[in-house]
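Asker: Listed below, chain by chain, are the residues.
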Amino acid sequence: MSEHGDRAAFLDRIRSRQGRPPGGGPHPPPPAPDVVPELAYRTLDGVDHDDPFALLPVFVAAARAAEATVDVVDDEVPAELLLRFVGDHDVRTAVTSREPEAVALGGALAAAGVSVAPYDREVAAAADLAITSATHGIAATGSVVVDSASAGSRAVSLLAKLHLCVLPMTRLVASHADVLRGQQRPMPSGRVLITGPSRTGDIEQRLTLGAHGPVALHIVVVR
Amino acid sequence: MSNEWPLRSSTLRERSATAVGDPVLRANVGAATDRFRTKRTSALARLHDPDALRSAARGVRGDILADWAATLELLADNVQANGGHVCWAPTGADANDYIASVAQRIGARTVVKSKSMATEETGLNEALAAVGCDTVETDLGEWIIQLAEEHPSHIIAPAMHKNRDQVADTFEAKAGMTERVTEPTELVAFARRELRRRFLEADLGITGANLGVAETGSIVLVTNEGNARMVTSMPRVHIAVMGAERIARTWDQADLVLGLLAKFGTGQTLSSYTTVLSGPRGEDEADGPDEFHLVILDNGRSDIAGTEFAEMLNCIRCGSCLNVCPVYHQTGGHAYGWVYPGPMGAVLTPLLASQQTGHGPGEDHHAGELANASTLCGACMEACPVEIPLQDLLLGLRRRNAEHAGLAERSMWRAWAAAWSRPGAYGASATVATKARRLAPLLGRLPGGSRWTDGRDLPDLPARTFRQRWDAGDV
Amino acid sequence: MSDAPDRRPDGVERVALFVTCVGELVEPDVPVAAVRVLRAAGCDVDVPEGQTCCGQPAWNSGFTADAAKVAGTSLDALERAVADGAEAVVVPAGSCATMIRVYWPQLFSLAGDEAASDRARALGERVWELTELLDALPDERLGLGSVEPCAAVYHRSCHMLRELHVAEQPEALLARVDGCVVAEWAAADQCCGFGGTFSVKLPEASVAMADEKLDVLPEGTEVIVGADASCLMQLRTRAGARGMQVRTEHIAQVLERALPDDRGADA
Ligand code: SF4
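Quick mapping for you: the protein sequence lines, in order, are chains F, E and A. Counting with numbering that gives the first Met the number 0, you get residues 0 to 222 for the letters of the first sequence. Counting with numbering that gives the first Met the number 0, you get residues 0 to 474 for the letters of the second sequence. Counting with numbering that gives the first Met the number 0, you get residues 0 to 266 for the letters of the third sequence.
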């Protein structure tokens, strides 16, 4: 921890310049709202924000709209679902985050013949699949939230070709406000709201998945 | 500012004429901005009352910057409490020097960057080259531009002006692509392979910052490709360069701004990755940088505070105003000559440039004339998530320019004002010649001005003025 | 703000017309048509002496003092008309109406004349863009008949749309005119590219902007109708240079042609 440059001079310069700008223009700014409003998503109309069962269909629709794929399962992730996923995507190697849900799923995959290892960046960079769990699922946007502190890494959800994220349904919240607002120190060093797979539109605005990160995001919601 | 930018070596008209004369560029830019607009419309349709949110966001941004210094101070304290380093950089050179010194200290060879307009502003890549670093841009569009040795033409889609064939040409010529592919998916796959290697070997990662959030000492990065996540988790040092105004005091404020950013920018509900970073790698974490540095860049920003242009500091660099601007639509970004194009660039460039060149406000003609790159149609303010009254700021810049205008222009307007404030002088006595003279400011240097008639007919002037007809009882 | 307070024009009988400089010198048929249409709507129309221009050309170029000098001349004239009993000041041009209503208070204030700024603000409450007023009148006050059949599109000019928020009114009026068929135009609300001095400072971009609109005119369009003569001039002169067979017509002129025979010109 260190500080470089002259903080006082930097801030004094700002303070000395600030004053009320001359008004008189035809589009004057409004006063700041007393309470910063939250974005109100139409998809949440009439949905009880505290009821995960009510949030679930909203989440699933939004995640699919963001090009993620979603399975909803009742309790444990069923073996046939895993096998289908492994087969569909030709998964041979996988890494897991250190969250218990991810580790458990890794064990099941290993039993299905996939070579599974804990996260290591070189291994992950060559892996077909990364498994994490989510600290939250955001219904309005279909996002999953992955923390470096609980996952044990920032990039575990990033490097492999595919990302499979386990989301216990009770962790569903309505909107990003429920995740972002009220955050306090100490913070995890990295926290990411993941909305669909990695993508780019930089060539002719053509949506292309898997720019630098996963080409596919599969979310398994556990009821 | 770097002299390599066309701003100082050409005029706005020359650059815009060149752009308008390039049908491929116009087609590329036109198609891309149209798609952005369509997507924005559908993203906003998911919200209740986006206009109320824009207005609230305007108030919130104003509120944050009313407390600018204190908020920065809190941010800097919390960054350090999180184990990060802070550098106060009054100028671009200060920022570059600091970053170069860190690069040298750690012996950095490969530097990976995720897109950052602030470092375009400071010319960081050249400064790093000077200390022997190989700097690789990793945003796909930005990488294309770097390879092609061009400048970005859009603040969120830097290679918008290029089509797939032009990208393939660049990859063949500059990135060693041996088997030519032109499908976007294949081009992206090629870039992924090439850049993946660079991520893993890099020693230093440099990003911008979409927002610094003071109450937790965090920075937020918003990307779709995941390159910023790579840059902030693979190398052992991460430096974020943040324009000093890109801050929020609280997460309530940040949540509103971030929620609007993706919708107005790329037209997504949220971008693929909204990443919140709070310091270096945590204890017990398997990756992430050992060092985190936040460079807080002024570079002319504080000069904007307290002026009639202060609201420009509210800009969150979403790109929405570019996408709706009918002038940008025709010219693309290069016509603006510097880092920031479109309406926001037409305002920001003159404000930042005069400080950097040592010119007084309004004296820098090259930058100042960007204020003319607008019909004042107002589409930009209508599209801005923080409701910056860009057309009014453009008018303000034109007033500033007028104070430094040449004698010929000043005399012309004085004569115009004299003629048009003597109502008796017009009407019955108006001859065609005096009419034409009064119209001159409207139509350029009539008569004989080819600036109107190249591409347009001259309007016919009627035999009698309205007043003549009225007085004759013919109305 | 740009929106005037809730205004009720139902009973308006005496109006003052602001001719505009373009209307005075380049397109006198437009203010002539405006006068006739207003008369047909039962208004007693005065054209106050002493008015000239709203000052917009100089204002948009940054020459505040010159703009204020010209605008002050027109402010005096329009104020006198109001003092003489005009209930509304009508402007047959969206951008000039915007200049008066939206920008005059700031213009005079920047020119150092706070009194004029206040006067401008007060006057602004009585200022109406032509179609805004006509549409707000009870339908029965303005009988509209038919015109020669024509295939039209309507150009929504920027200031009217975004500053005055006069969006639907012109087309609502045209819908009352038999024979004038207004087609959907994908580029209806795109800027025409005129922008005052913009048109000569960046002529290539300006022309390209006009082209973008003209390129997507619906098949068979005979006339582009608008409420700003300067936008129409830009589109017409560009279309002419391209050899296109499309006319332009100010909405006041279309409405004038639609007036039943016994009204209008000689009313
Ligand atoms: S001025 Fe507004 S619309 Fe333009 S980039 Fe900035 S925030 Fe976005």
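Honestly, the hints are just simulated from the structure, not real lab data. Careful: at least some of the hints might be erroneous.
Straight-line distance between alpha carbons at most 30 Å, and here's what the computed BS3-like set of lysine-lysine pairs gives [stated by the list, open to error]:
id : chain 1 : residue 1 : chain 2 : residue 2
1  : E       : Lys38     : F       : Lys160
2  : A       : Lys68     : A       : Lys200
3  : F       : Lys160    : E       : Lys173
Asker: Are the Cα atoms of Lys38 (chain E) and Lys160 (chain F) separated by 30 Å or less?
Answerer: Judged against 30 Å, a Cα distance of about 27 Å means the pair holds.
Asker: Taken at face value, is the distance from the CA of Lys173 (chain E) to the CA of Lys160 (chain F) at most 30 Å?
Answerer: holds, 27 Å
Asker: When you check the alpha-carbon spacing of Lys68 (chain A) and Lys200 (chain A), does it fall within 30 Å?
Answerer: The hint holds at about 24 Å.
Taken one by one, the earlier hints all hold for this structure without exception.
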